[in-house]
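Since chain P is already given, all that's left is putting chain L on it; use the hints.
Number of protein chains: 2
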Amino acid sequence: MRAPDVEAYIHRNIPLSAAMGVRVLEGGPDRVVLEAPLHPNVNHRDTAFGGSVTTLAILAGWAHVHLRLEALGFKGHTVIQQSSIDFVAPASASFRATCEGATEAGWNRLSRMLARYGKGRIRVEARVESDGHAVAYFKGEYVALPG
Amino acid sequence: MRAPDVEAYIHRNIPLSAAMGVRVLEGGPDRVVLEAPLHPNVNHRDTAFGGSVTTLAILAGWAHVHLRLEALGFKGHTVIQQSSIDFVAPASASFRATCEGATEAGWNRLSRMLARYGKGRIRVEARVESDGHAVAYFKGEYVALPG
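Those protein sequence lines, which keep their order, are chains P and L. Offset between the first sequence (1-based) and my numbering: plus 215. Offset between the second sequence (1-based) and my numbering: plus 215.
So here's chain P without its partners, still in its complex pose:
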């Protein structure tokens, strides 16, 4: 899938991403960059709502794992199992989540788990930035399941 296809897929299957105005700036097996405008994601302080920031990071992580597994030929689906996020500064403009994913060792382990058990898990990290500064640091654990 290319970036516009990833965006169409996400908007069609996860309507909240369309309500948030999520755009896929980069979407490939090595790196995913998603962006959301401030307005539909604003909070009572006129900055980005923590739920929106977290959701953008969750989506970036999910898309990254999904696209990497697709590139590896895995026919299955990916779901989130655990996540944590640290908010370090407010965002007063559009914000962007970048997930460059796991180490090669992590992907190799996941490939072995998929080959052996048909399912596996992987941890990825994402950072959220706005206007050139860090907004939040995210860690997510995703599970790949067959079918």
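No lab work stands behind these hints, which were simulated from the structure alone. It is possible that some hints are incorrect.
No distinction is drawn between identical chains; accordingly, a pair holds when it is met within one copy or between any pair of copies.
Here are the simulated DMTMM-like pairs of lysine to aspartate or glutamate, each with C-alpha atoms no more than 25 Å apart in a straight line [as the list claims (entries may be wrong)]:
hint, residue 1, residue 2
1, Lys290, Glu241
2, Lys290, Asp261
3, Lys334, Asp301
4, Lys354, Glu319
5, Lys334, Glu319
6, Lys290, Asp220
Relative to chain P, chain L alone:
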């Protein structure tokens, strides 16, 4: 604020909560219960999207801290600083986040911090359920700031 006022406040100030169809079932200083319908929060598996589940829990925690501080007479605002969530089962129907908040010792410590420094932090937990079973367990750390 009473439950309908909390709902109107959240919808007005955090438009994503309106897009999610969040309803405030209980909103008081001791307990907050929020609910969201499945449809606007669905994912590619026809279950509740992890971003929506997390966002509902973040909102429940935020509302609980905000309402408790309001009851204590604190004039300020509350922001999230850190959160984590474990997803234990998918939700195939509307889902509900309940935050019964921190221990009395936690609130007392927060009150002392507010009196001494004008700001403070507190950890709360929330559980998300759907159709009578647990969906996710959430922990959030919120900061109360002056003004």
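Evaluated hints:
{"no.": "1", "hint": "Lys290 - Glu241", "in the structure": "within (22 Å within a copy, 43 Å between copies)"}
{"no.": "2", "hint": "Lys290 - Asp261", "in the structure": "between (42 Å within a copy, 18 Å between copies)"}
{"no.": "3", "hint": "Lys334 - Asp301", "in the structure": "between (29 Å within a copy, 19 Å between copies)"}
{"no.": "4", "hint": "Lys354 - Glu319", "in the structure": "within (17 Å within a copy, 31 Å between copies)"}
{"no.": "5", "hint": "Lys334 - Glu319", "in the structure": "within (18 Å within a copy, 43 Å between copies)"}
{"no.": "6", "hint": "Lys290 - Asp220", "in the structure": "within (18 Å within a copy, 47 Å between copies)"}
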